[in-house]
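Number of protein chains: 2
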Amino acid sequence: MSTTRLLSPLHNYGKFQSTASLTRQKSAVGGVGSRSVLIKQNIRRMATYKPTLTIENLNPCIKVMEYAVRGPLVTRAGEIEKELEKGASKPFKEVIKANIGDCHAMGQVPITFIRQVLALVGYPKLLDDPHFPEDAKERARTILKGCRGSSLGSYTDSPGIEVIRRHVAQYIENRDGIPSDWQNIVISGGASDAIKNVLKLFICRVNGKKPGVMIPIPQYPLYSATLSEFDIDQVGYYLDESKNWGLSLQELERSINEAKKQCNVRAIVVINPGNPTGQVLTKENIQEIVKFAQKEKLFILADEVYQHNIYDPNSQFHSFKKVMYEMGEPYRSMELASFMSCSKGYMGECGLRGGYAEVVNMDPAVKAQYFKAISAMLCSTTFGQSTLDVIVNPPKPGEPSYEQFEKDKASVLESLKLRAKMVADTFNSIEGFSCNPVQGAMYAFPQFKLPPKAIEAAKKKGQAPDAFYAFDLLESTGICIVPGSGFGQQPGTHHFRTTILPQPDKLKSMLDKFAEFHTQFLKKYS
Amino acid sequence: MSTTRLLSPLHNYGKFQSTASLTRQKSAVGGVGSRSVLIKQNIRRMATYKPTLTIENLNPCIKVMEYAVRGPLVTRAGEIEKELEKGASKPFKEVIKANIGDCHAMGQVPITFIRQVLALVGYPKLLDDPHFPEDAKERARTILKGCRGSSLGSYTDSPGIEVIRRHVAQYIENRDGIPSDWQNIVISGGASDAIKNVLKLFICRVNGKKPGVMIPIPQYPLYSATLSEFDIDQVGYYLDESKNWGLSLQELERSINEAKKQCNVRAIVVINPGNPTGQVLTKENIQEIVKFAQKEKLFILADEVYQHNIYDPNSQFHSFKKVMYEMGEPYRSMELASFMSCSKGYMGECGLRGGYAEVVNMDPAVKAQYFKAISAMLCSTTFGQSTLDVIVNPPKPGEPSYEQFEKDKASVLESLKLRAKMVADTFNSIEGFSCNPVQGAMYAFPQFKLPPKAIEAAKKKGQAPDAFYAFDLLESTGICIVPGSGFGQQPGTHHFRTTILPQPDKLKSMLDKFAEFHTQFLKKYS
Chain G
279 MSTTRLLSPL HNYGKFQSTA SLTRQKSAVG GVGSRSVLIK QNIRRMATYK
329 PTLTIENLNP CIKVMEYAVR GPLVTRAGEI EKELEKGASK PFKEVIKANI
379 GDCHAMGQVP ITFIRQVLAL VGYPKLLDDP HFPEDAKERA RTILKGCRGS
429 SLGSYTDSPG IEVIRRHVAQ YIENRDGIPS DWQNIVISGG ASDAIKNVLK
479 LFICRVNGKK PGVMIPIPQY PLYSATLSEF DIDQVGYYLD ESKNWGLSLQ
529 ELERSINEAK KQCNVRAIVV INPGNPTGQV LTKENIQEIV KFAQKEKLFI
579 LADEVYQHNI YDPNSQFHSF KKVMYEMGEP YRSMELASFM SCSKGYMGEC
629 GLRGGYAEVV NMDPAVKAQY FKAISAMLCS TTFGQSTLDV IVNPPKPGEP
679 SYEQFEKDKA SVLESLKLRA KMVADTFNSI EGFSCNPVQG AMYAFPQFKL
729 PPKAIEAAKK KGQAPDAFYA FDLLESTGIC IVPGSGFGQQ PGTHHFRTTI
779 LPQPDKLKSM LDKFAEFHTQ FLKKYS
Chain C
279 MSTTRLLSPL HNYGKFQSTA SLTRQKSAVG GVGSRSVLIK QNIRRMATYK
329 PTLTIENLNP CIKVMEYAVR GPLVTRAGEI EKELEKGASK PFKEVIKANI
379 GDCHAMGQVP ITFIRQVLAL VGYPKLLDDP HFPEDAKERA RTILKGCRGS
429 SLGSYTDSPG IEVIRRHVAQ YIENRDGIPS DWQNIVISGG ASDAIKNVLK
479 LFICRVNGKK PGVMIPIPQY PLYSATLSEF DIDQVGYYLD ESKNWGLSLQ
529 ELERSINEAK KQCNVRAIVV INPGNPTGQV LTKENIQEIV KFAQKEKLFI
579 LADEVYQHNI YDPNSQFHSF KKVMYEMGEP YRSMELASFM SCSKGYMGEC
629 GLRGGYAEVV NMDPAVKAQY FKAISAMLCS TTFGQSTLDV IVNPPKPGEP
679 SYEQFEKDKA SVLESLKLRA KMVADTFNSI EGFSCNPVQG AMYAFPQFKL
729 PPKAIEAAKK KGQAPDAFYA FDLLESTGIC IVPGSGFGQQ PGTHHFRTTI
779 LPQPDKLKSM LDKFAEFHTQ FLKKYS
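Protein chains in written order, with our numbering: chain G, 279 to 804; chain C, 279 to 804.
What the hints contain is simulated information worked out from the structure, not anything from laboratory work. Even for Gly, the Cβ is constructed at its ideal location relative to N, Cα and C. Each statement offered as a hint is correct.
Just so you have them, the derived chain G footprint on chain C, three or more residues with Cβ under 8 Å: (1) 423–430; (2) 465–477; (3) 626–634.
Please construct the entire structure, taking both the sequences and the accompanying hints into account.
This is the structure in structure tokens:
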């Protein structure tokens, strides 16, 4: 309990279940004709048949699990969109979903070369079409050759198609300048899938004590949700907002020492570049973390899905693997899982579900069990795997698609860099706001002050103050953000996460609306 | 324990971990140069650094989990393939993977219309290409309109793209002639994913007792693997081989009464058409099961992924939903989850990972929690969703692709029908074999007698007798099947599962080789 306490309680943030049932009732009550028949039928059904799976005997770990990025605020945003479609009058014309790192949904255009390869592997007849460039065809032929029966419709080996795993290892070698073994690569349906499959390994009580995993606060809620589901203790360590969301050794020590009374701390998660916080860790900071993990015998999970998203000219991405390797023994031999995704970077192919884990120095007996566990899910999607292949093996100088690819990539990253600055600058210009620079990733996580009257009003509504603020923002402006309480924050502080993904014009108008809303909000509760 | 006892112990079947490490050692020892350096490095590493995640503190549920379809036999088959590539001399030229329902890997050709739609949604520039038929373009435009930012690269709602969920509901309505609510449809990355997400809900101790779920024996090992992982008791009920693998009420009663002493039996899984057993349940048999489930207050999980694969002219697919509905109250109001997949049927698109669950009469509060739980994994792959869309909304009469599509589909199913008969007939002609007719699905599960000397030899090797037989078959002929002990069988009986998927010529030669092997085997151990 002392460890979960570190996470701001999410239970007051909004009640998913009751919101959902409320909506259902409302729409039923509002209806006529066949709907009222439905209600009667439902009432009759309820009277004659009691369900066997009820909220009382449902998996308790699922009940406590929260996933704010898709929580009640997002549900409400979806409802508002439908109301707008039906012609409802609102003070805005559209909902801006700044709650989720969903690049293409916000107008980013897919990289042509990726989609050409996907069309070719999916429908190989196109290999005869002269409109497709030769390098795309070469990629497609290589992937198809790696598939049984030369079809994307075949199951692959559970850790993925061998040639793609080899390309991933080569990509990592090129990135870090140190060896990578393709047999350590496990391709997955997005990074989330890979992360869950590694976290699952730690579910084990030793001497009656639960396992615990250290996660940053604020964190990406996949971690808190997964740890809840697996009944693993969340051991939160606070990122230092005053030091640009860096990790302090002192805080790591405080966190683990407090947690050790309750659980066996087995692993540490680090998100770099940070989500929701946007920081890029320095090499020195990573070295400190590695030393700490070594001293405490922790398995390191490095969430490095934003490795392409670095905007600050003074920042650089350092992989945990490289830093560990360069530190020499014993650090070089430590266990590490590093995660990467097709959903972020310059490609933003979220819906295709591609990603990988590189698992370093895992005990061979454990690795065999890990591979066995993923085999029951057969394999990850071949289109996701193919997308990953292009990302780790993009067009090379001299190949026909090279220039266009590099141009497309640079254009996305350059625009994100401008937007990162625009967002942080705007928030810093609003009264009561402070926002660290967005050095990397796709989010800003500003802190803001709320007047006591607003906090009181939130309390009355049974909501966390920042959730109260976010709901008001959504209803007034159509802007959908995620309250800081969904990620965790220092008690008494208020934050939210917004993506930097709306296209520049829309982002500008969103930020203008935001500033105006905030002025009105302060007036209302002053 | 009394419930798991019903499953033949899988532990003797083969030791995944030790086989794997053995292989690793062998290949290391066999190597020279850089490999011996590697060994030295590994030894040094082992001496200086002890891993923190070990087999001792690994998730115990993963350790006991088994997944025979991808077990040690398949690992060995993969090794043999590599040995053949390197020119090893064997009594055969290729490995025939009859272990897994992997249609395209065995030479089945993708349905053109499906792949045309996938090429169009993946690379929408092709919408201008006059070579693509208009109905494929219409499907692609509808899917793209359902995606945020009109891109497959966007996240979808967690239960899937609305328009595809609506098409699935329409497909079910057309199939059953009774209403289906699109909001009960949850699209998933293959049926396995959907099944795990529903089974997960039952993890809950009540009055200190573990939950239990009834599964058929023999069963598809996804169920045993998932229940192991979730620490849910497996409550096995035997299918009646003498009654064409039907379900007997008496056996269901025996099974649940025995299990009730140990656990709370919460749900029953029925696989229809059967895997690995190939039976198609009669309507009367389904009615009996429904009545049993109602009496015992069980949630029904109907694995109906082979609903298109019916070969016996006297058999017909009856969905659990339709049968329940037609039985009237209280059966009509019972909770049911039915599963479907893009991997089977006539399409066999295993690698694309598409499927769905239709969840009927679920308590609204539970459903809200279920939807919340899947939201943490964001969404299933958009290419898998698009594949599903084509399957539930195929070309209609009058549309340009209609005739070709129907021809492609009929040709696959007709050929499978012939092969189903060929396989059962051949096994029935071999001494000591008996095989029920393959009425549906993609597998035969023949029973065969083993001479006492062979059973003794297996014992000496620490293997289950049918695994011993299967390894010998693999090494002698290259044919890879799955021993019956991987699915469960009556104690003292021996079975294996083979797919009917090799193309007709190859299947004929495989069966010939099989018969020859068996004769030699009997001679060897007589």
